Amino acid sequence: MADQNLVENDEPLLVAKSLSKSFGRIAACRDASFSLYPGEVLAIVGESGSGKSTLLQMLSGQLAASSGHVSYRMRDGITRDLATLGEAERRFLFRTDWGFVHQDPAQGLRMAVSAGANVGERLMAVGWNHYGRIRDTASDWLTRVEIDTARIDDTPRTYSGGMRQRLQIARNLVTEPRLVFMDEPTGGLDVSVQARLLDLLRSLVAELHLAVVIVTHDLAVARLLSHRVMVMKGGRVIETGLTDQVLDDPREPYTQLLVSSILPP
Amino acid sequence: MTAMIDIADAQKTFTMHLQGGIELPVVSGVTFHVNPGECVVLSGPSGAGKSSILKMIFGNYRCDSGRIGIRHRGTLIDLATAEPRQVLNIRRATIGYVSQFLRAVPRVATIDVVAEPLIVNGMSRADAQARAGELLHRLNIPERLWQLPPATFSGGEQQRVNIARGFISDLPILLLDEPTASLDAANRAVVVELVAEKKRQGVAMVAIVHDDEIRHLIADRIVDVTSFAAAA
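Listed in order, the protein sequences are those of chains C and B.
Going by this note's numbering, the first sequence opens with residue 1, and the numbers climb by one from there.
Going by this note's numbering, the second sequence opens with residue 1001, and the numbers climb by one from there.
Since the hints were made in silico from the structure, they are not lab data.
In this text, all values refer to a predicted model and were calculated from it rather than measured experimentally.
Honestly, I wouldn't trust all of these hints.
[Unchecked claim] Computed footprint of chain B on chain C; a stretch qualifies when at least three of its residues, placed anywhere within it, have a C-beta under 8 Å from a C-beta of chain B:
| hint | stretch |
| --- | --- |
| 1 | 220-233 |
| 2 | 241-253 |
[Unchecked claim] Lysine to any residue pairs mimicking SDA-like chemistry, simulated, CA-CA at most 25 Å apart:
| hint | chain 1 | residue 1 | chain 2 | residue 2 |
| --- | --- | --- | --- | --- |
| 3 | B | K1199 | B | S1051 |
| 4 | C | K17 | C | I78 |
| 5 | B | K1199 | B | H1216 |
| 6 | C | K17 | C | H69 |
| 7 | B | K1199 | B | V1108 |
| 8 | C | K17 | C | G49 |
| 9 | B | K1199 | B | G1133 |
| 10 | B | K1199 | B | F1101 |
| 11 | B | K1199 | B | Q1100 |
| 12 | C | K17 | B | P1084 |
| 13 | C | K17 | B | L1088 |
| 14 | C | K17 | B | N1140 |
| 15 | B | K1199 | B | H1137 |
| 16 | C | K17 | B | K1199 |
| 17 | C | K17 | B | T1081 |
[As the list claims (entries may be wrong)] Only some residues are given here: those of chain B computed to face chain C with a beta carbon under 7 Å:
| hint | residue |
| --- | --- |
| 18 | L1018 |
| 19 | V1087 |
| 20 | V1105 |
| 21 | P1106 |
Cβ coordinates follow ideal geometry from the N, Cα and C atoms, glycine included.
Work the whole structure out from these sequences, hints included.
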């Protein structure tokens, strides 16, 4: 058992240390810690108000933690504390190496500009300036997310909910980020549309070797997409482990309740 | 000989919090080992804990105490205390598992369901699909079905897809949970053949098989699980 701690992979990409957030007297998130490795998908599950979205916002640098740290290994290999990044650096990270898929696509897209421009905009932000190449790449990405390229000049306003969500994914992935945050990405969709989106996400995540932190209240989504889960309740992480282990052999009373509440298909 | 699986005094109890915290002892004192090229069959009545032991070896069920030693890339690692990432690495490179039922993703074609474990380990899609095709062919899944998702297949067909997916990789440990349960005689014979090939390749296997004839054909050793029955 000597090499029990032998790691077969490299260093973590994202490390959270004792993250806490209070709003006045309310502790929305208490003492959350974990490491996320390249290519690893972590699902944060729990009911509304459990603190999962607060945690996601802290991890993605959108909300300052009351205490604790988040550090990220930048593309140059140097791990930096997010709190020490300047605003411009943080924005650049967000436009290039990170993605954020919102539950409501309208929050992640620019609804008044064309689909092609929505995807192309991220490329321009990283310095692409050749119109033809940008358009070709945007068109490639529409195909990858199963959107008919004939719709490239239409605005997302004319798209269905499922198409908007797929467009949001294309917009996020076009710069080949290493880390993507997802907040209930299948939340507002019909079941049939959900299955298609999940399937698409699953193959893209594997193909691009993405690290993902996904917040969901749907355990089926966690099972399909994630390697590991963190179960949250009342602002605390109450159980964590390999996804199939936590779902098939839940230990905590609340996790057992969650798992037993799933309706059989 | 160096064992591939070395389990010592493993114990598992379920605590059912929703039923007033009832303790449901599953197994205790589980101790056995499996050598390369050997197939150990777990025997015992339904409910004795055979599947639970298999799930503990795969890291799907947690182990409350004891050791689940797995030889992974030459080193014995205790799966009972391993980090999730390490368990995933072990599953990718060392332990395969053929469950009783196929859990497939909607929309994924049968050939890709079978080829996936090879692609995950870095084989090209074309090569992986070629090997998947060979196995599906051997297991009598007609080629016209390969591009369809297995969700609509019959129970026996799904089980054969599952077997193909489980047997396709060259992993040193293979766990088999009733691989022949819903198969006809011809396909059971194919599975027996596949198990024999794995043995020749030095794969260590643990199987649950209810069919006496199949058990007789594949078992090198039988471990009676009733001796691990947890005292209630």
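Taking the hints in turn, this is what the structure says about them:
{"no.": "1", "hint": "220-233", "in the structure": "holds (count 3)"}
{"no.": "2", "hint": "241-253", "in the structure": "holds (count 9)"}
{"no.": "3", "hint": "B:K1199 to B:S1051", "in the structure": "holds, 22 Å"}
{"no.": "4", "hint": "C:K17 to C:I78", "in the structure": "holds, 17 Å"}
{"no.": "5", "hint": "B:K1199 to B:H1216", "in the structure": "holds, 15 Å"}
{"no.": "6", "hint": "C:K17 to C:H69", "in the structure": "holds, 5 Å"}
{"no.": "7", "hint": "B:K1199 to B:V1108", "in the structure": "violated, 31 Å"}
{"no.": "8", "hint": "C:K17 to C:G49", "in the structure": "holds, 21 Å"}
{"no.": "9", "hint": "B:K1199 to B:G1133", "in the structure": "holds, 22 Å"}
{"no.": "10", "hint": "B:K1199 to B:F1101", "in the structure": "holds, 24 Å"}
{"no.": "11", "hint": "B:K1199 to B:Q1100", "in the structure": "holds, 21 Å"}
{"no.": "12", "hint": "C:K17 to B:P1084", "in the structure": "holds, 18 Å"}
{"no.": "13", "hint": "C:K17 to B:L1088", "in the structure": "holds, 23 Å"}
{"no.": "14", "hint": "C:K17 to B:N1140", "in the structure": "violated, 53 Å"}
{"no.": "15", "hint": "B:K1199 to B:H1137", "in the structure": "holds, 21 Å"}
{"no.": "16", "hint": "C:K17 to B:K1199", "in the structure": "violated, 47 Å"}
{"no.": "17", "hint": "C:K17 to B:T1081", "in the structure": "holds, 22 Å"}
{"no.": "18", "hint": "L1018", "in the structure": "holds, 6 Å"}
{"no.": "19", "hint": "V1087", "in the structure": "holds, 6 Å"}
{"no.": "20", "hint": "V1105", "in the structure": "holds, 6 Å"}
{"no.": "21", "hint": "P1106", "in the structure": "holds, 5 Å"}
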